[in-house]
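As you go down the protein sequences, you meet chains A and B in turn.
Note that full-length UniProt numbering has the first sequence beginning at 1, numbered continuously upward.
Note that full-length UniProt numbering has the second sequence beginning at 1, numbered continuously upward.
Worth flagging that the hints you see were computed from the coordinates, not collected in a lab.
There's no promise every hint is true.
What the hints assert, rightly or not - Some, not all, of what chain A presents toward chain B, calculated at C-beta under 8 Å:
1) Val120
2) Leu130
3) Ala131
4) Thr134
5) Glu138
6) Ile255
7) Pro309
8) Leu321
9) Gly347
10) Phe349
Just so you know, even glycine gets a beta-carbon here, dropped at the ideal spot from N, CA and C.
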Amino acid sequence: MRFIFKTRYEQDIQLFQHSGQVFWYGLLAAVLLVAPLVVSPYVLTQLSQVGIYTIVAFGLMLLAGFTGQMSLGHAAFLAVGAYTEAVLAIAGVPFFVSMPISGLFAAIVGVVIGLPALRVKGLYLGIATLAFGTIVEEVIARAEHVTGGNAGLMVPPVKLFGLAFADGPPFYYLCLFMVLCAGLILINLLRSPTGRAFVAIRDSEISAQSMGVNLAAYKTLSFALSAAFAGVAGALYAHNIRFLSPDQFTVVQSIELIMMVVIGGLGSVHGAVFGAVFGAAFLISLPQVINALKPMLPQALAEATGLQPTIFGAVLIVVILFEPLGMYGAWLKLKAYFELFPFYRKGMFRRQKTFQKSDRLK
Amino acid sequence: MQFIQLVVSGLAQGCIYGLIALGFVLIYKATETVNFAQGELMMIGAFSGLFATTVLGLPYWLSLAAAMIATALVGLMIERLVLRPILGHPAFSIVMVTIGIGYMARGLVTMIPVVGTDTHSLPTPFRGEVFRLGGLVISAEHVVVIAVTLILCGALAAMFRYTKIGIAMQAMSQNQLAAYYMGIPVKRFSGLIWGISAAVAAIAGILLAPLTFIHANMGFIGIKAFPAAVIGGFTSLPGAIVGGLIIGVVEALAGFYLIEGFKDVAAFVVVLIMLVVKPTGLFGERLAKKV
Chain A
1 MRFIFKTRYE QDIQLFQHSG QVFWYGLLAA VLLVAPLVVS PYVLTQLSQV
51 GIYTIVAFGL MLLAGFTGQM SLGHAAFLAV GAYTEAVLAI AGVPFFVSMP
101 ISGLFAAIVG VVIGLPALRV KGLYLGIATL AFGTIVEEVI ARAEHVTGGN
151 AGLMVPPVKL FGLAFADGPP FYYLCLFMVL CAGLILINLL RSPTGRAFVA
201 IRDSEISAQS MGVNLAAYKT LSFALSAAFA GVAGALYAHN IRFLSPDQFT
251 VVQSIELIMM VVIGGLGSVH GAVFGAVFGA AFLISLPQVI NALKPMLPQA
301 LAEATGLQPT IFGAVLIVVI LFEPLGMYGA WLKLKAYFEL FPFYRKGMFR
351 RQKTFQKSDR LK
Chain B
1 MQFIQLVVSG LAQGCIYGLI ALGFVLIYKA TETVNFAQGE LMMIGAFSGL
51 FATTVLGLPY WLSLAAAMIA TALVGLMIER LVLRPILGHP AFSIVMVTIG
101 IGYMARGLVT MIPVVGTDTH SLPTPFRGEV FRLGGLVISA EHVVVIAVTL
151 ILCGALAAMF RYTKIGIAMQ AMSQNQLAAY YMGIPVKRFS GLIWGISAAV
201 AAIAGILLAP LTFIHANMGF IGIKAFPAAV IGGFTSLPGA IVGGLIIGVV
251 EALAGFYLIE GFKDVAAFVV VLIMLVVKPT GLFGERLAKK V
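Chain A on its own, in the form it takes in the complex (with noise of 0.2 Å):
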C-alpha cells in the first residue's frame, strides 16, 4: 500500500501524485506511440476516432462532470466544429489556423446556449440543450449552400506545413497529439482556481455564490471550454470520416456522447482522463465487439437489427445501477482490493443511500 504524505502545496498540485502514475501513462504513451507499427489501418482509424472522442469526453467531463451541468446537445457542438473545419479547408486554409477558428466557433456557440443555462438547471438544462441540438441539426440540413445538406460534404485531406497528413499513421499521431494536449489543458485547468470554482458550482451553486464565485461567469465560460474541447474534436472528426452529413449529429449522437462520459466514469482528475480515454473506447468498440461475437450467437439472434441498441441500453442500465462511477469507479475498487488485499471488507464501497433527497428544488 502507498502513503502519500504531502508537507508542501507544490506536492498537492503536482501533475502526478507518485511514480505509479508516471509509470501507468507512461506504458499508456508508449503502447499508442507504437500502436501504427502493429495494427491495421482500419483499426488505426478507429484508433484515431477514439482520440477524437476522448477529446469530446473531456469536454463533456468539464461540463457535466465537473459543474454539474447537464448537456443532451453535445452533438451540435461536435457538428459545428466539424462543418466550420470542413468549409474552412475547402477554402484552403491551412490546418493549424482552421481548427482554432473551428474551436473557437464552437466556443462562441456554446456560450450561445450557455446564456439560457443560466436560468435553467438540471433537468430543464437538459431539454434545453436537446432542444438546442435539434435545432442545429435542422439548420445544417437545410443550409445547403453551406453544409450540403443532406447530401453530404466531402472533406479534404489535412495539409500541413505542405505535407499531407490525408490518413495512416501521420494523422493518428496528429490525434493523439491533440488528446495529449486536450488532457493536459484538462488536468491544469482542473487544478486551477478556474477548475475549483466549476467544482464548487457542481458541490453547491448557493455555497459557490456566497463564496464569491460568479456563477454566470463560470457556466458560461463552463460551456464554452466544453463546447471548444468538442469543437476541436470535430474539426478532426471531419478529417477523419472525411465525409459529413446532419444525420451524424442527431440527438442519439449527443446522447451516445452523454454515455460515454457515464461508462467511463464521472471521477476525480484522474479519473477524468480514464474515464474518457476508457469511455471514448468503449463507445468506438462495443459495435465492433458485438460483430465479432456475432458467429457465436444463434443465426436469428444475430441477425436482428436491434442487437446493438438492445445491448448499449443494457451496458448503460448496468453501469448506472451498478457502479455508478464507471470503469474508473471499478478500477478503484480493484485497486483497492490489491492494496489492501488481506484487509478487504465487502461493504467498503457501500453507496450511502441518498433516499427521497429532492433535485427538484436544487
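Add chain B to chain A, keeping to what the hints say.
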C-alpha cells in the same frame, strides 16, 4: 377557413404530445424522476394494441384496454427492477437510466423477427370517415383523439380529486418524506404512478397509430413531448395538455406558413423561448429552497 382547419389538425396532433407529456408530468410530480423512455412506452403500447387486434382479434376498444394493461405492467416492471434501486440518486443518473431503457425497448422491439422492423397500420373502426362542419373537414381520427384525451383528462382529474389514492399521490408529489411519515406507501405508489403513466402512454400510442403508423422508432416523438411538458410547467397536469396543444398548433401553422423544415424545430424554438422567458412554464409551481 384554412387557418381553422390547420388549428384543428394541430390540436389533434397536440393531444398526442399532451398525452405523452402527461406521462412525464405524472412521473415527475410523484417521484421526481424524468422518464426519457416515455416515447418508447408509447411505442410498446402501440405494438401491444396491434398484437391485440391482429393476433388476438380483439375489437378496437377492447384492444385499447388490453394495450393499456400490458403497457402498465411494463411500466410497473421498469419501476421495480431499474428505478427503485437508484431512487434518490442525482437526476443525471436517472435520466441516463431511462435513456438506457428507451434504447433497450427500441432494440428489443426491432429484434422481433419480421414484425419489429416493419411499419404497420392499425385497423380502426372509424378509418377514413370524415365529419363536415360548415366548410371544415375533420377526420374521424382527429375527433377520436380529441375526445379520448378529454375523457382521459377528466378521469385523471377525478381520480386525483376524489379518490384516496389520488389524494395520497398529490401528497406524495408535494413532499415525499412527509407523505412517507404520514403512512403513505411511497414505494408502492411510485410503482403505481409508473403503471398509470405507462397506460396513458399506451393510449397515446394507439391514438397516434391511425394518424401515422406503428414502427419501432415512433418513440422519438417523445422528444417533442418534452417541450410540451416544459411549456405547461413540468409539475402541472393540465399544463401538459395545454403545452401539447400549443406545440401541436404551432407545428401545424409553422408547417404551412413558414419555410420548409421549420415545422420540425418549431417545438424546440418555442421551448427555448419559454425557458428564457419563464422557466417554470405556464402553470408551473413556484418552489423556493430554504437554505
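For each hint, the structure was consulted:
1. Val120: holds, 5 Å
2. Leu130: With a minimum Cβ separation of about 7 Å from chain B (threshold 8 Å), the hint on Leu130(A) holds.
3. Ala131: holds, 4 Å
4. Thr134: Interface hint status for Thr134(A): holds (5 Å vs cutoff 8 Å).
5. Glu138: holds, 5 Å
6. Ile255: Hint holds; Ile255(A) Cβ to chain B Cβ min 6 Å, cut 8 Å.
7. Pro309: Holds, about 3 Å.
8. Leu321: Holds, because the Cβ-Cβ distance from Leu321(A) to chain B comes to roughly 6 Å (cut-off 8 Å).
9. Gly347: Constraint on Gly347(A) not satisfied, violated at 17 Å.
10. Phe349: violated, 15 Å
Violated hints, in rising order: 9, 10; the structure is consistent with all others.
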